[in-house]
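From just these sequences and the hints, can you work out the full model?
For the record, in the sequence shown the residue sitting at position 52 is 133 according to our numbering, with numbers rising by one throughout.
It cannot be assumed that every hint is accurate.
What the hints assert, rightly or not - DSS-like cross-link-like pairs, simulated, lysine-lysine; straight-line CA separation at most 27 Å:
id: 1; residue 1: Lys204; residue 2: Lys165
id: 2; residue 1: Lys101; residue 2: Lys165
id: 3; residue 1: Lys101; residue 2: Lys204
Note that these hints are calculated values from the structure, not bench results.
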Amino acid sequence: MGSSVAKDAKTDSATQPFAKLMNVEIVSAERDRITARLLVRPELCTSGHILHGGAIMAFADGLGGLAASLNLPEGAGTTTVESKTNFFAAGREGETISAETTALHVGRRTSVWQTRLWRPDGKLVALVTQTQLVLT
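Structure (structure tokens):
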């Protein structure tokens, strides 16, 4: 693990249509770690110009799925089978939220990923843990 993965078909936003819709920027992609950013735009917010919880979860889920896909055997796919989110602070419109997804477990049938999301001031926005199933 830890080997760097070049931006390729798996990390290209053209093959990640929902991430492209959200304007997720993948900063780095390794087999055991993904870093990314998301600008909090009005269409991702609730009233009060706060990043919607569903957008937070979707951001993290996409990163976990991408990370899992970087560890798949040839011809396999992946799907989220469990996800838990703890919310700690609001992301505000105009801020860029950073995220880091790291491997907790990578096995033959499942992988477990943890995503930390934080604001520019360093305050933790959310912590997401998800399980990905390997589809053969």
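Here's how the hints hold up against the structure:
no.	hint	result
1	Lys204 to Lys165	19 Å, holds
2	Lys101 to Lys165	23 Å, holds
3	Lys101 to Lys204	25 Å, holds
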